[in-house]
Amino acid sequence: MNSNHHISAPIDSASEFHKIQSRPASIAIKDITVSFKTPKGIFTAIKNIDLTIKKGEIISLIGHSGCGKSTLLGTISGMTPPTNGQVIVNDALVKGPGPDRGIVFQNYSLLPWLTVYKNIYEAVDAVFKLKTKAEKQEIVEENLQMVNLWAHKDKLPSQLSGGMKQRVAIARAFAINPSILLLDEPFGALDALTKGTMHIELLKLWNLDNRNKTIVMVTHDIEEAIFLSDRVVVMNNGPEATIKEIVDVPLERPRNKKQIVHDPAYMEIHDRLMGLLFDKFSIED
Amino acid sequence: MGLLIGSSKTAFRLINPIVQVLRPVSPLAWFPLGLLAFKAAEGATIFIIFITSLWPTLINTAFGVASIPQDHKNVAKAFGFSKWKYIVKVIFPFALPHIITGLRLSIGVAWMVIVAGEMLSGGVGIGFFVWDSWNALSLEKILSAILIIGVVGLLLDKGFDWLQKRFSYA
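Chains as they are written, first to last, in our numbering: chain E, 6 to 290; chain S, -10 to 159.
FYI, nobody ran anything at the bench for these hints, they're computed from the structure. Just so it is clear, CB atoms sit at the ideal spot from N, CA and C, and this is done for glycine as well. Be aware that a few hints might be false.
[Stated by the list, open to error] To list a few chain S residues with every Cβ distance to chain E over 10 Å, as calculated: (1) ALA18; (2) LEU25; (3) LYS28; (4) LEU47; (5) PHE83; (6) THR90; (7) VAL104; (8) SER127; (9) VAL140; (10) ASP146.
[As the list claims (entries may be wrong)] Listed next, the in silico BS3-like pairs over lysine-lysine satisfying Cα-Cα at most 27 Å (straight line): (11) S:LYS147 to E:LYS100; (12) E:LYS134 to S:LYS66; (13) E:LYS160 to S:LYS66; (14) E:LYS138 to S:LYS74; (15) E:LYS100 to S:LYS72; (16) S:LYS74 to E:LYS52.
Make the full structure from the sequences, and use the hints.
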C-alpha cells in the first residue's frame, strides 16, 4: 500500500482489523489511469491510483459525484479497461469481466422481461456451464431463500419495490459465488429505512460465507461507509482524481447500528471523513 | 437482418442507404420486375407484397436493437453471457415490442398492396373482385368490397395490437 495515503489506526484494541491486514491480497490496483476520448478532447477520470485490498476486506470508495469512484470500480470489474496500469485480481491480470467478481449495479440492472427466478438463473447458467440443470436450480433457490425472496420468484422486476430489486441483484451476484463482490452505489436509490436493513442483510450474507468475500463498494454516504467497511478510501475531486486518503475503520465486528454511533472511535472517524469531504461546514464560512 | 443492422454500426452504415432508396418505391413499380423474375402473376404479387411490407419491420427491428440500454448490455457483459444467450435473452426480448410494431405497420402496407396487386395480376382475390365489379358496373359490389377490405384491415391491426400488449413486459 502507498504509505503516504495511510493514516495509522487511532485504536490498538482492534486485533481483528490487523488480522485482516495480514491476509493475502485479493485485489491489487497498480498505477491505474483511465482516460476517455470525448468530442472536446481527452478526459482523464482517474490518475495514478494505487491500492491493495486484502482477502475478506470490505472497502468503501467515497468522494463527490463525478470523482471517478465508479470508474475505479469499473477497472476492477473489467468493464472499464484502464488506459495505463494494471489491476491484479486473485493473482491474475484483469482483462475483462469474470465470474470471480460479482457486480451489483447502481440501478439493479435486472432484465425486465425475466422473472426474479429467471434473472438469477440466466446468470448462474452463463457462469456454471458444466453444472447440471438441477444443480443450477438448486443454486438459484438457495440464493433466493437467502435474501427472503423465494415467495416472489415468479414476479417480474417491475412488480417489486426498490429494496426487493436490490436484494435480487445481490442474490444474483452471490449466486455465481464470486470471491469478490463489487457494489456500485448499491443502496443509493433506497429510502433510509430500507437502506439500514440492507446494510445488515449484506453483512449477514458476508458473515454466512465466513467473511471470505472481498467487498468493494462505491458510496457517498459516510455513515454507510463506516458501518460496513474496514477501510474507507477517500477520493479527490476529478478530473484526474487520485486517492486523497485511506481511513482505517478498526471498529469491532459484529457492529451494532444503534450503539456504534456512540462509540468515540466512530465519531472520530466520522469527523475525519467529514473533514476530508467538505471544506465548508456552515453557510457563513 | 434487422437484428444485425441494429447491433452493428458498420452494418447500419452499409445497409441504411440501400433501405432508404428502396423503401419509397411504389409497389406498382416493382410489379414488372416481379413478373420478370417469377414469370407468373402470382409470384410477382407475392414479390411486391414482400418487398414493400419488408421495410417497416426491418427499420423498427434495427431501431429496437440499437436502442438497448447500456444497463442490459452490462448485465450480459458482467455475467459472461454467450453470444447466443445475449441474442435470445437480451436483444430479442428487448427488441420484440419494436419488432411487433414493425410487423403491425408491415401488415397494413401488405394488405393495401395485396388489393392493388390482385387488380394488376387478375384472376383471384378481393382486388380482382373490385375490378371485375367495376367492369360489370356493379356499384353495390364495389362498395361492399371496400367495406370488407376496411374491416379486414382493421381486424389485422387489432390482432397486432393484442400481440403488442401480450408481449410488453413493463
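Hints, one by one, checked against the model:
1. ALA18: Given that every Cβ of chain E is farther than 10 Å from that of ALA18 of chain S, nearest at about 40 Å, it holds.
2. LEU25: Holds: least Cβ distance 44 Å, greater than 10 Å.
3. LYS28: holds, 45 Å
4. LEU47: holds, 22 Å
5. PHE83: Violated, since 7 Å does not exceed 10 Å.
6. THR90: holds, 16 Å
7. VAL104: For VAL104 of chain S, whose nearest Cβ neighbour in chain E is about 37 Å away, the distance exceeds 10 Å, so it holds.
8. SER127: It holds; SER127 of chain S is separated from chain E by about 52 Å at its closest Cβ, greater than 10 Å.
9. VAL140: With a cut-off of 10 Å, VAL140 of chain S remains clear of chain E, as the shortest Cβ separation is near 34 Å.
10. ASP146: holds, 24 Å
11. S:LYS147 to E:LYS100: violated, 50 Å
12. E:LYS134 to S:LYS66: Holds, at roughly 16 Å.
13. E:LYS160 to S:LYS66: holds, 24 Å
14. E:LYS138 to S:LYS74: holds, 16 Å
15. E:LYS100 to S:LYS72: This hinted pair holds, its Cα atoms lying about 18 Å apart.
16. S:LYS74 to E:LYS52: Violated. LYS74 of chain S to LYS52 of chain E sits at ~36 Å, over the 27 Å cutoff.
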